[in-house]
Amino acid sequence: MANINKINGVSGFQGTDFDDCEKISLYGLRNYIDKMFVASPSGSAYNVQPASSANSPFATVKNFECGHAYIFFRAGAESSWSVFNIPHFEQGNITNNNNKLVTTLFPEHFTIEGKGEFHLTSGVNDPGSGSKAWYQTMPVYKTLDSSLKCWYNGSSYVISSRVGNTSSSVLNNSFLPNAPYGDAKTSSATVEVSGFTGGSENANGLYAEVGYVNRKILYRHAKTGDFYYFFNGQTWVLTDTPINVNSGACYVNGEADVNGKLDNSGGSNGNCFDGQTANVSDGSMDPRSLATEDEDSLMSTEDKLKVLITEDDM
Amino acid sequence: MALITTSKSLGWYGVHGSDDCEPMSLHEHFGTYNSSGSFQIGKSGLSETEAKLISIWTMLPTGSAWPWNLNMEQKYRNHPISSLRELVKQHDEMKCGQMYWITWTGTKDLNIPGFVPTALGVDMGRISD
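Heads up: the protein sequence lines correspond to chains A and B, in order. Its first residue numbered 88, the first sequence is counted upward by one per residue in our numbering. Its first residue numbered 936, the second sequence is counted upward by one per residue in our numbering.
Be aware that one or more of the hints could be misleading.
Computed cross-link-like contacts, EDC-like style, restricted to lysine to aspartate or glutamate with a CA-CA straight-line distance of at most 20 Å [stated by the list, open to error]:
(1) K187/A x D955/B
(2) K202/A x D954/B
(3) K303/A x E957/B
(4) K303/A x E983/B
(5) K1010/B x E983/B
(6) K187/A x D1064/B
(7) K310/A x D1064/B
(8) K1043/B x D344/A
(9) K1043/B x E342/A
(10) K303/A x D954/B
(11) K187/A x E983/B
(12) K978/B x D232/A
If you want a taste of the chain B side facing chain A, the calculated C-beta under 10 Å gives, among others [unchecked claim]:
(13) T941
(14) V950
(15) Y1011
(16) P1015
(17) L1022
(18) G1032
(19) P1048
Away from chain B, derived, C-beta distances all over 10 Å, residues of chain A [what the hints assert, rightly or not]:
(20) G99
(21) P128
(22) G203
(23) G210
(24) N212
(25) D350
Rather than coming from a laboratory, the hints here were simulated on the basis of the structure. Where a beta carbon is used, it is the ideal one built from N, C-alpha and C, also for glycine.
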């Protein structure tokens, strides 16, 4: 939360990772805020929204939304200003704000084998494509020499020479731009989650690096973007809520190492992974080391090991 | 790094990563003027004409919007009156943990490592210590 002091102009970012970020009604703050500015999806303008009309069905901006940056100006005469609070908001005016940084939910840059290094952009500005901050409401990436673009087509990230043009393109069938494109590997760190069953099965699969939290990599479910795997300072946790396990989050705790077991087999702790276990591997360990004969869901069995290592080989 | 490709961009400087965040000196990166008024090219390699197309704005502690651009550099960087030199020095670097909005009307991409652009429609992240 941020206490907004008696100053005219305020800039800031909605969403801190230590609490459960929620959108905050702009109309509800109309007694304190005159107008709010936010970058337009066009990439060439700012949307300006008077707080007093933010409840209109035609309002462009109705809320402080998580993961967005805003500028706003105070309402009324300076003599009438009072301190007020915007939950989950972090001020960005020049001041000593303890060097607070963004944990990104999309990668800042990555390299795809055989294609090059891609960088997050402020948007598309191609001849023929016009100017847009996003494409299909997703970030756009490009190589430094602009020869290749990486963009979302509505169901997959695509690498091609122009945004929206699929000629000579490759797809990764992923919500994230830095998941592997077929055999073309990614420079981003990845982990594989396996073993969830039933209604939790959609949390299985590849997770790719999107940022850092608590000085460790933050992984995001590559196929859907719906789950996050992060280090909370003591243990790794898989959650559907960036980036915490506060009220309402669907989560399961892991171990102190990135590789290991996600375990909620002991029953109910009030979330949707109740009774579930799964394994996480970043590929740096032999998955056979996760197996025990007592477990119900073995990653390998003695029979399978015989295929790889026979007594004759010993 | 982020590539500024659009004419308007609003975002946060400083991301959690494998390396610590470092402030970025704007006059060292995009250029300035020496005491005799000659343009000094910055690390970005932009020409004077190109660099004049950038304005990087922030909010001062007083709540006033304030720009950095070559016009400010030219007027105040080497001004004989020290209080006027301070006008450009109060905002001549991108500090970790601050908000900025950028106007760029050039045709190249501006490379600003550590800048996270935002716009309506996409949840780009969370802020933390």
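For each hint, the structure was consulted:
{"no.": "1", "hint": "K187/A x D955/B", "in the structure": "holds (12 Å)"}
{"no.": "2", "hint": "K202/A x D954/B", "in the structure": "violated (25 Å)"}
{"no.": "3", "hint": "K303/A x E957/B", "in the structure": "holds (19 Å)"}
{"no.": "4", "hint": "K303/A x E983/B", "in the structure": "violated (41 Å)"}
{"no.": "5", "hint": "K1010/B x E983/B", "in the structure": "holds (15 Å)"}
{"no.": "6", "hint": "K187/A x D1064/B", "in the structure": "holds (5 Å)"}
{"no.": "7", "hint": "K310/A x D1064/B", "in the structure": "violated (29 Å)"}
{"no.": "8", "hint": "K1043/B x D344/A", "in the structure": "violated (43 Å)"}
{"no.": "9", "hint": "K1043/B x E342/A", "in the structure": "violated (46 Å)"}
{"no.": "10", "hint": "K303/A x D954/B", "in the structure": "holds (11 Å)"}
{"no.": "11", "hint": "K187/A x E983/B", "in the structure": "violated (33 Å)"}
{"no.": "12", "hint": "K978/B x D232/A", "in the structure": "holds (17 Å)"}
{"no.": "13", "hint": "T941", "in the structure": "holds (3 Å)"}
{"no.": "14", "hint": "V950", "in the structure": "holds (5 Å)"}
{"no.": "15", "hint": "Y1011", "in the structure": "violated (17 Å)"}
{"no.": "16", "hint": "P1015", "in the structure": "violated (26 Å)"}
{"no.": "17", "hint": "L1022", "in the structure": "violated (14 Å)"}
{"no.": "18", "hint": "G1032", "in the structure": "holds (4 Å)"}
{"no.": "19", "hint": "P1048", "in the structure": "holds (9 Å)"}
{"no.": "20", "hint": "G99", "in the structure": "violated (6 Å)"}
{"no.": "21", "hint": "P128", "in the structure": "violated (5 Å)"}
{"no.": "22", "hint": "G203", "in the structure": "holds (13 Å)"}
{"no.": "23", "hint": "G210", "in the structure": "violated (4 Å)"}
{"no.": "24", "hint": "N212", "in the structure": "violated (5 Å)"}
{"no.": "25", "hint": "D350", "in the structure": "holds (26 Å)"}
In the structure shown, a violation is registered for the earlier hints numbered 2, 4, 7, 8, 9, 11, 15, 16, 17, 20, 21, 23 and 24, in ascending order.
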